[in-house]
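Enquirer: Listed below, chain by chain, are the residues.
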Amino acid sequence: MNIVVCVKQVPDTTEIKIDPIKNTLIRQGVPSIMNPFDKNALEEAIQLKEQYSGSVTVISMGPEQAKATLREALSMGADKAYLVTDRAFGGSDTYATSYILSKVIEKLGPFDVILGGKQAIDGDTGQTAPSIAEHLGIARLTHIRSMKIDGNKCVVEREIEEGIEIVEAKLPILCTATKETNKPRYATIKGKIDSLKADIENITLADLPNMDITKIGLKGSPTRVKSTFIPERKSSCEMLESVNPRETAKVLFGKLAEAKIL
Amino acid sequence: MDLKQYQDVWVFIDCFQGHPKDVGYELLGQGRLLAEALKQKCCAVIIGENVDEAIKGATEYGADIIYVVRGEEYANYSADAYGHAFLELCEKYHPNTILIGATANGRDLGSKLAIRLKTGLTADCTALSVEEDTGNVVWERPAFGGNLYARILCSETRPQMGTVRPGAFKKPQKCQNKLSVMIREDIRTKQEDILTKVIDFIKAKDESGIKLEEAEYIVAGGRGLKGAENFTMLKELADLLGGSVGASRAAVDAGWIPQSKQVGQTGKTVTPKVYIACGISGAVQHLAGMTESDTIIAINKDASAPIFEVADYGIVGDVFEMVPAMIKEMRIAKNLEQ
Ligand SMILES: Cc1cc2nc3c(=O)[nH]c(=O)nc-3n(C[C@H](O)[C@H](O)[C@H](O)COP(=O)(O)OP(=O)(O)OC[C@H]3O[C@@H](n4cnc5c(N)ncnc54)[C@H](O)[C@@H]3O)c2cc1C
Ligand SMILES: Cc1cc2nc3c(=O)[nH]c(=O)nc-3n(C[C@H](O)[C@H](O)[C@H](O)COP(=O)(O)OP(=O)(O)OC[C@H]3O[C@@H](n4cnc5c(N)ncnc54)[C@H](O)[C@@H]3O)c2cc1C
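Protein sequence lines, in the order shown, are assigned to chains R and Z. The first sequence runs 1 to 262 under UniProt numbering. The second sequence runs 1 to 338 under UniProt numbering.
Treat the hints loosely; a few may be bogus.
To be verified - So the derived label-pair ranges between C-beta atoms look like this: (1) Arg188(Z) with Leu196(R): 51 to 61 Å; (2) Met1(Z) with Pro209(R): 46 to 56 Å; (3) Glu247(R) with Asp200(Z): 48 to 58 Å; (4) Thr24(R) with Ala75(Z): 31 to 41 Å; (5) Lys17(R) with Lys171(Z): 32 to 42 Å; (6) Glu214(Z) with Thr14(R): 48 to 58 Å; (7) Pro110(R) with Gln173(Z): 31 to 41 Å; (8) Asp200(Z) with Ile21(R): 48 to 58 Å; (9) Gln17(Z) with Ala206(R): 44 to 54 Å; (10) Leu336(Z) with Ala68(R): 55 to 65 Å; (11) Asn50(Z) with Lys22(R): 36 to 46 Å.
Stated by the list, open to error - Below 27 Å or equal to it, Euclidean Cα-Cα: the simulated BS3-like pairs (lysine-lysine) are: (12) Lys170(Z) with Lys255(R); (13) Lys197(Z) with Lys153(R); (14) Lys203(Z) with Lys170(R); (15) Lys49(R) with Lys197(Z); (16) Lys4(Z) with Lys179(R); (17) Lys197(Z) with Lys250(R); (18) Lys153(R) with Lys273(Z); (19) Lys273(Z) with Lys219(R); (20) Lys4(Z) with Lys260(R); (21) Lys197(Z) with Lys260(R).
For the record, the hints were derived by calculation from the structure and aren't laboratory data. The beta carbon of each residue, even a glycine, is placed where N, CA and C say it ideally should be.
If we strip away everything but chain R, and leave its shape as in the complex, we get (with noise of 0.2 Å):
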C-alpha cells in the first residue's frame, strides 16, 4: 500500500507571546514543530503500514527549514521525504496550497491513501487536505478516529459532533487525522541518526510541468488577508476580596443581583 502524508511545519503557538507595546505576536524564539495533527496523520500511515504493508511518503510545502520536520517525520518512520519549495508558491491560500500539493501528490503516486491533519495550528483552517481531494476527484473523510483496510475498501470511522459515523469508501482516499485517531510514537535513536543521513529532494515549479501557474501563489488566490489584529482583552476586571469564602460568594451574588446579571 502507498501512502502520501502532508505535513506542516507551524510556529508553536502555545508558546507564542504577545507584544504589549507594539500588539504584535512575538514570533522569535518560539519553537518550529510538525503541526500536532499531521503527526498522528503519519503515526496512522506508519500503522497501516505496518499492518498492510507499502510505504510511506511524507511531502511538505514551506521553506528550506521545514526539512527539519520532514527528518523528524523520517525518524518516526516515514520511508521518504520531499520539501515542496519555489518563490513561486509563496502566499499560497488553502485554494493555491492545495492544488499545488495535489500536483505533487499526482507527481510522485499513485496512492492508495493520502493522509493530512484535521487543521493546522497556526493557519488554523482545515480545508488544505479536503481540498487536496477535491482537485484530485477523489473520496475523502475528515476528522477519522480509526481506518481499517480491506482490500481496495476502507471502513472509517469518523467524529462529527453528534457521534461517530462508520463510513464505507473505495481507495484512493483523504482522510484527515484528529488527537482522537491514535498516540503518535516517539521516535527512536536509530531512527533519529538515520533521518539526519536521509536525502530529502526538493521539488519545485520546475518538477511540475503540469502545473496551471494562474492558479499557485498569491496570484493563484482567491482570498486575501487584509489586516490583522490582537484580540482586545478587557481590562476592566473587579477584583473580590477572597478573606472568607462564604462572605466573598455573597459580595458577588450582591454584585451580579445589582447588575441584574442573576
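Following the hints, complete the assembly by docking chain Z with the ligands onto the known chain R.
Expert: Just chain Z with the ligands now, kept in the frame of chain R:
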C-alpha cells in the same frame, strides 16, 4: 468574471437526521444583515431526505427564498451528494455569498464547493461585515490558536464563501408571518457518484440536562479541579443556576469530563450570560471559545493567571473553598437551606 451577476446571500441549513442545527439559524441572522447591506436577498439552502423541520425553521428565521433539494441519497451527509446538489444550485442561481456553519460536515462541504467554484473560502469566522464601496464581505477569523485575528477578503471571485463558528452568533428573533418563497429543485445524485457511504452511526453518549451551546449559565472547570470527582460540585452549582458544566482541554485530556464539554478553539464556542471559570488558567485556545460571554467570573488561586484579563469579576482563591461557598449561598438564597 462579472461580479454583478452574482446576487443574494445563501445560508446552508446544516441538518443531522432531518434536524437542523442551531448554527444554520444563527447564520440566517447574519445573512440577513449582510443581505441588507448588499441590498440583496437572504436565502436558505436545505438538502436532505426529511426536510420539513428545516423548511419550517428557515421560514421562522426569516429566509426570503428557501431552496430545497430532497432525496433519499441525502439522508446522510456525503461530500459527493451534498456537493453535487449545492453546485447545481449555484450554477443555476449564482449566489453572491455563501455562509456555512463550521461543523465537521460544513467545513468539508465548504472546501468542496470552493474548489469546484474556483473561489475563496474563509474558515471559522467569528465576525462578518460588508465593505460599503466594494460589496466585499469582510470575514474576520482567529488564527494562531486565537492569538491573532485576521480580516480576509475574497474580492475577485464569486461567490464569496465562509464557514462560521457555531455559537459565534446568537439566533435572531423569530419572524411572525414570514412568507418565504420556496423553490424545490429536483436534483438527484446517482449512487455510483457517491464515493463514501455511511453504514452505521454511534450516537455520542447522551448529555443529561441543558446542552452546553444553549446554556445561559456555564460553570467550567480546568486542571485546577484536580480530579473527575470534583466536577460534581461544579454540576451542583450549574444546576442551581439552571446551567451546564464546561471544561478546559486539560480537564478533558485528563479524562475527567467528556470532550463534548470542552470549550475553546478545538472545542465549543459559547456565549452564555454568565461563564464561571474555575481553576482555568486562560490559555488563548480556551479564551477563543468563551470571551464573548456576557459576564465572565474567574476563580483562580494565581492572581497573575491570564483568565483575569478577560474576566469581569475575579476571585483570587481556592476553588475547593469558593465553589462550596457559592453553592451554600445559592441554596440559602433559594430557600433550600438556612
Ligand atoms: C492569519 C491567517 C488567516 C488565514 N485564513 C485563511 C482562510 O480563511 N482561507 C484560506 O484559504 N487561507 C487562509 N490563510 C492561508 C492559509 O493559512 C495557507 O493557505 C496555508 O498554506 C494552509 O492553511 P492552514 O494553515 O489553515 O492549513 P490547514 O488547512 O488547517 O491544514 C490542514 C492539513 O493540510 C495539510 N497542510 C496544510 N498546509 C500544508 C503544507 N504547507 N505542506 C504540507 N501539508 C500541508 C496538513 O496535513 C494539515 O494538517 C490564512 C493565513 C493566515 C496567516
Ligand atoms: C492545537 C491546540 C488546541 C487547543 N484547544 C484548546 C481548547 O479548545 N480548549 C482549551 O481549553 N484548551 C485548548 N488547548 C490547550 C491550552 O493551550 C491549555 O493547555 C489548556 O487550556 C489549559 O487548561 P487549564 O487552564 O485547565 O490548565 P492549566 O493551564 O494547567 O491551568 C490550571 C489553573 O488552575 C489554577 N489552580 C490550580 N489549583 C487551583 C485551586 N485549588 N483553586 C483555584 N485555582 C487553581 C492554576 O493557578 C492554573 O491557573 C489547545 C492547545 C493546542 C496546542
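Enquirer: Holds or violated: are the alpha carbons of Lys203(Z) and Lys170(R) at most 27 Å from each other?
Expert: 25 Å, holds
Enquirer: Need the status of pair Lys197(Z), Lys250(R): alpha-carbon distance at most 27 Å?
Expert: Since the Cα atoms of Lys197(Z) and Lys250(R) sit roughly 56 Å apart, the hinted pair is violated (cutoff 27 Å).
Enquirer: So if I understand the rule, the pair passes when the alpha-carbon distance is 27 Å or less; does Lys4(Z) with Lys260(R) pass?
Expert: At roughly 48 Å apart (the allowed maximum being 27 Å), Lys260(R) and Lys4(Z) break the hint.
Enquirer: Does the Cβ pair Gln17(Z), Ala206(R) satisfy 44 to 54 Å?
Expert: The hint (44 to 54 Å, Cβ to Cβ) holds, given that Gln17(Z) and Ala206(R) are roughly 50 Å apart.
Enquirer: Within 48 to 58 Å or not, the Cβ separation of Asp200(Z) and Ile21(R)?
Expert: Holds: the Cβ-Cβ distance is about 56 Å, inside 48 to 58 Å.
Enquirer: Check the hint pairing Lys197(Z) with Lys260(R) against an upper bound of 27 Å on the C-alpha distance.
Expert: 51 Å, violated
Enquirer: Regarding Asn50(Z) and Lys22(R), is the given constraint of 36 to 46 Å on their beta-carbon distance met?
Expert: 54 Å, violated
Enquirer: Within 27 Å, alpha carbon to alpha carbon, are Lys4(Z) and Lys179(R)?
Expert: 44 Å, violated
Enquirer: Should the hint that Glu247(R) and Asp200(Z) are 48 to 58 Å apart at their CB atoms be regarded as holding?
Expert: 55 Å, holds
Enquirer: Within a Cα-Cα threshold of 27 Å, do Lys153(R) and Lys273(Z) meet the stated pairing?
Expert: 48 Å, violated
Enquirer: The hint says 51 to 61 Å between Arg188(Z) and Leu196(R); measuring C-beta to C-beta, is that right?
Expert: 56 Å, holds
Enquirer: Verify the proposed pairing of Lys170(Z) with Lys255(R), using a straight-line Cα cut of 27 Å.
Expert: Between Lys170(Z) and Lys255(R) the Cα gap is close to 26 Å, so the pair holds against 27 Å.
Checked against the numbered hints given earlier, the structure breaks hints 2, 4, 6, 7, 11, 16, 17, 18, 19, 20 and 21 and satisfies all the rest.
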